[in-house]
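Here is how the chains run, residue by residue.
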Amino acid sequence: MTSRAISFPWTKRKHREWLLFGLLVGPNLALFSIFTYWPLIYNFYLSFVRWNFLRPTKPWVWFNNYIDTFTDAKFWEIMGNTLVFTVATVGGTLLLGLLLALLINQPLRFRDGARAIVFSPVVMSGAVVAVVWSYIFDPRYGLLDQILGWVGLNSPDWLVDPFWAMPAVIIVYIWKNIGYAVVIYLAGLQGIPRDLYEAARVDGAGAWAQFWNVTLPGLSPVAFFLSVTSILTSFQSFDIIKVLTNGGPVNATSTLILFLYELGFVSYDAGEAGVVAMVLFTIMFILTLIQLRYLERQVSYG
Amino acid sequence: MSQRFMTRREMLKLMTVGGGAAVLAACGTAPAAQEPTSAPAVVSETGSTVNLTYWGSYSGGLGEAETALVEKFNGSQDEIVVEYQFQGSYEDTAQKFTAGLQADTIPEVVLLSDVWWFTFYVAGAISPLDDLAAQTGLDLTDFEPVLLNEGNRQGVNYWIPFGRSTPLFYYNKDIWAEAGLEDRAPANWAEFIEWAPQLVQKEGDTMTRAAFVHPNSASYIAWLFQGVTWQFGGQYSLDDFTMTMTDENTLRGAQFYQDTANSLGWALLASDISQEFLGGTAASMMASTGGLRSISETASFEVGVGFLPEETYFGCPTGGAGLAIPSSIPDEKKLAAMQYITYVTNPENAGFWARETGYMPTRISAKQLPEMVQFFEENPNFKTAVDQLPKTRAQDAARVYVRNGDQIIGKGLERIVVNNEAPATVFAEINDELTKAAEPILEDLKAIEG
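Protein sequences appear in the order of chains A and B. Residue numbers for the first sequence follow the working numbering, so the first one is 1 and each next one is one higher. Residue numbers for the second sequence follow the working numbering, so the first one is 1 and each next one is one higher.
Hints may contain errors.
Unchecked claim - Derived BS3-like pairs: lysine-lysine, alpha-carbon spacing no greater than 27 angstroms straight-line: (1) B:K383 - A:K58; (2) A:K242 - B:K436; (3) B:K391 - B:K436; (4) A:K58 - B:K436; (5) B:K383 - B:K367.
No wet-lab data here; the hints were simulated from the structure.
Next comes chain A alone, as it looks inside the complex (with noise of 0.2 angstroms):
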């Protein structure tokens, strides 16, 4: 509760500051407020409204888009289907790609081409990722189904099956990712002080100690901005999803961002889907400030 900052007269160098600071801001600050923030409380308006993109007219229909939304069984499904995806690709990408840092940060030889490979699908385009994988995925001429047959499985039919569809969208879109948390993951080793290893070494401390007390608690600002950050493109998603399974079947893969634009762009329900938004909006906002807030402090900054 500090009142630091207005408790000081208002003072000429004071006021220069304030300029340069607008001065500096001023630009983004207008690139902010024109297709961010405008676009923001436009939505929150269309929220409140019946209009579908080519109407002249608006009607005011208050609450009416909440309820259609919040007493949809779809709208629910689309919720849990959210919840899993974000679950498994973060958790998926954050595992996984410490394991291949950890890997591919040994002195091993082919460890200059192994980075490359692995972080290459990063730089694709997920259309055209989608577009390779649905073929990988055919359980009749794809890749994966000779893969599977080599061990004696049969493949699933991935992309018409509801059961198989949430599993084959998550290992795409964690294949696709997983170079960028692997390459911010080994910049985080490399920033790992040498000298700790060699102190917990003069201590008695094993692999799995050192890994243990130092190399994880040494990754944690790292491991905490990649959570920040995947949560963030996870819950974007939509390029995989929409080449690979379009939502379907059914509604089996539809996340919130594609029940949006299915809402908004082929039923132009612009209220429903301003409603989508909004809640897309809510839980992205909160999730961010609470991660701000609480996780910060426990990271450790060496």
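Starting from the known structure of chain A, fit chain B onto it as the hints suggest.
What follows is chain B alone, placed relative to chain A:
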């Protein structure tokens, strides 16, 4: 809480947080910003040219044929220059046209698919075309009536047939021969049910080759099932938007679809049916005539086609796209746009487009042109597609006039075929969903048609 200025760091942090989330939330409703199209030319001056923009959905081989037509038109006269701009799928094109209407940057000619043109008609966004057609000398009576009438409301034409197609039964002649079947499409479903087990191949419990493949909702299963509902004597809806998904015969059709994949077990569902057919993992399919040329050219086997199988009746819907002119552009531009439409749909060009693509020749007189007669002789498959045309009919309102009706029905069919849910339960829910989705359209329709 005492008053306090936010520190710069805090403020920046908050902006980023709000920004990131807001970008996401905003993308739901803000229409995607459009690249400004070419600036409108002043047309009143004599000797100056009118520049037209044409938004369409054809790429690849279809796009080449489309571009050839546009270039031919530009070369045929020196008053109008048309620029063809590929917009993506039918859905993408319609979405961009919607956004364009908001931003007031619209093309002068737009290609709209069977499930989209009506949305723009109801919104008053596309022009009545009869007066323009009279001025440019477009003979509307020479169009195939079943195709033209689909774009006609209360005696007025709004949508000129262009890339029109119908479903066709495709089969793999090699597999047919291997199974010892007669070289023709099945006359009816009962016959196909007899044939199917001979077409299937299995390795243990897994079907490595299906007798037939259904598309999924995204690849328009509701379009192909439209014909099947009619074959069983059912329908999606009546002309007045009364939904008839729970009609006994509509349900029998759905039950048949479920059986093909479950109790009979010789059909599969795939997102890309052409891929399964071309790869030899499905012996037959129902698919658009629009793919006839590319499928025949890509296949490593001989492709056979036939009319759709019958059940109680014959049933086959029309489909594909047509050309429209926005209502909010200046009259001179409308006239120029109509001149373009008149040119590309004339019998000679309708024939060219049909030969290049597999879409239907939309003009009656095109079929008598010597180059078409010769083409039919060389391509009996294509003749089959054209012969089926007079037997087709326009689709039910539930799929083409209700916004998202296609996907609502398509997802219902996925539940029935893939999830094996009871058709009666699923279609009862679909019936309600369609009825609700039709409400706003009925309101708008009442306002414009009385």
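**Request:** Could you tell me which of the hints above the structure violates, numbers in ascending order?
**Result:** 1, 3
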